[in-house]
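Q: For reference, the chains in residue letters:
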Amino acid sequence: MTFYQKEINRIKEICYSNEGQIQTVIGTRNYIENNFDKELNLDLLSHIRFTSKFHLLRLFKKYYGQTPRQYLINKRIEKSKDYLKMGMSISETCYSVGFESPSSFSTLFKGKIGQTPTDFQKEQFSQSQFKTDS
Amino acid sequence: MKVKVLSIPVQDQEKALKFYTEILGFIKKVDVPLSEENRWLTVVNKEEQDGTEILLEPSPNHFEPAKTYQKALFDAGIPYTQFNVQNTQQEYDRLENLGVKFSVKPTEMGTVKIAVFNDTCGNNIQIVEML
Numbered sequence: 001m002t003f004y005q006k007e008i009n010r011i012k013e014i015c016y017s018n019e020g021q022i023q024t025v026i027g028t029r030n031y032i033e034n035n036f037d038k039e040l041n042l043d044l045l046s047h048i049r050f051t052s053k054f055h056l057l058r059l060f061k062k063y064y065g066q067t068p069r070q071y072l073i074n075k076r077i078e079k080s081k082d083y084l085k086m087g088m089s090i091s092e093t094c095y096s097v098g099f100e101s102p103s104s105f106s107t108l109f110k111g112k113i114g115q116t117p118t119d120f121q122k123e124q125f126s127q128s129q130f131k132t133d134s
Numbered sequence: 001m002k003v004k005v006l007s008i009p010v011q012d013q014e015k016a017l018k019f020y021t022e023i024l025g026f027i028k029k030v031d032v033p034l035s036e037e038n039r040w041l042t043v044v045n046k047e048e049q050d051g052t053e054i055l056l057e058p059s060p061n062h063f064e065p066a067k068t069y070q071k072a073l074f075d076a077g078i079p080y081t082q083f084n085v086q087n088t089q090q091e092y093d094r095l096e097n098l099g100v101k102f103s104v105k106p107t108e109m110g111t112v113k114i115a116v117f118n119d120t121c122g123n124n125i126q127i128v129e130m131l
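Going down the list, the protein sequences come from chains A and B.
Heads up: the first sequence begins at 1 in the working numbering, then just goes up one per residue.
Heads up: the second sequence begins at 1 in the working numbering, then just goes up one per residue.
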């Protein structure tokens, strides 16, 4: 057995021995992945997993290093990049990924990506134009 | 500062290019001759061609500490880096059928499933699926 294989076993034993907890957070993450465009909150997520919201929050943070809300926002922002690259308008993108306000979407987008959705979209189109021309 | 390049040390750039394109499915992006037989050689995911480039770097051939470090990692079974996949089991089946050797078969590690294979250029590479 190599050093790495021993390490895998050791880490599994220390960090991943509670199967119930693991299934709870995996289920929550998959639910977010499949329903990110809908209205989601901790009450709903914890209700689906038959657990208290504080317990779910603690577990999710323990295994993924972020809260369900942070994960949801990141997922929405990542998906919004795909829609913007396809040419969808800013407001249409905002509502398609589950945000309720174009202005708060733009602020969040800029905070995560470093550019406004408009600037991001312009940059994508000018890059694809450059490739077409060359 | 932006992260645009991931460097992987390889003992043979041509062999690495063949493996990373024909077996793993990346496509060549940049191939610029440098000194002697060396190239600035990068590959990318074909669905993210403007994404992070993998630089296939011949450092083990030119810098003894790089060769020593690569060998130490490899002998310990430690992956040099990892790539995300949709389904570790499917990717394992596909790669095994292509003759790729795995040191770690698909294994669940909490919220992920991993596997580790030999890239034939001096490295173990890990694949990981979010469960």
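Check each hint, because a few of them may be wrong.
[As the list claims (entries may be wrong)] Okay, derived cross-link-like pairs now, DMTMM-like style, lysine to aspartate or glutamate, Cα gap no bigger than 20 Å in a straight line:
#	chain 1	residue 1	chain 2	residue 2
1	B	K105	A	D82
2	A	K61	B	E47
3	A	K62	B	E129
4	A	K75	B	D75
5	A	K85	B	D50
6	B	K71	A	E7
7	A	K122	A	E78
8	A	K79	B	E47
9	A	K122	A	D82
10	A	K122	B	E91
11	B	K46	B	E129
No lab work stands behind these hints, which were simulated from the structure alone.
Q: A separate judgement is required for each hint: does it hold in the structure or not?
A: Right, here's what the structure says about each hint:
1. Note on B:K105 and A:D82: the hinted pairing is violated, with a Cα-Cα distance of about 33 Å set against a maximum of 20 Å.
2. Restraint check for A:K61 and B:E47: the C-alpha separation of about 31 Å exceeds 20 Å, so the hint is violated.
3. A distance of roughly 19 Å separates the Cα atoms of A:K62 and B:E129; the hinted pair therefore holds under the 20 Å criterion.
4. For the suggested pair A:K75 and B:D75, the alpha carbons sit about 38 Å apart, so the restraint of at most 20 Å is broken.
5. Between A:K85 and B:D50, the direct Cα distance comes to roughly 12 Å. Compliance with the 20 Å bound is thereby established for this hinted pair.
6. Distance check on the hinted pair: B:K71 and A:E7 sit about 18 Å apart at the alpha-carbon level, within 20 Å; holds.
7. Between A:K122 and A:E78 the alpha-carbon distance is near 17 Å, which keeps this suggested pair within the 20 Å criterion.
8. Restraint check for A:K79 and B:E47: the C-alpha separation of about 15 Å stays at or below 20 Å, so the hint holds.
9. Note on A:K122 and A:D82: the hinted pairing holds, with a Cα-Cα distance of about 13 Å set against a maximum of 20 Å.
10. At roughly 36 Å between alpha-carbon atoms, A:K122 and B:E91 are farther apart than 20 Å, so this suggested pair is violated.
11. Taking the CA atoms of B:K46 and B:E129, the gap is about 19 Å. The hint holds against a cut of 20 Å.
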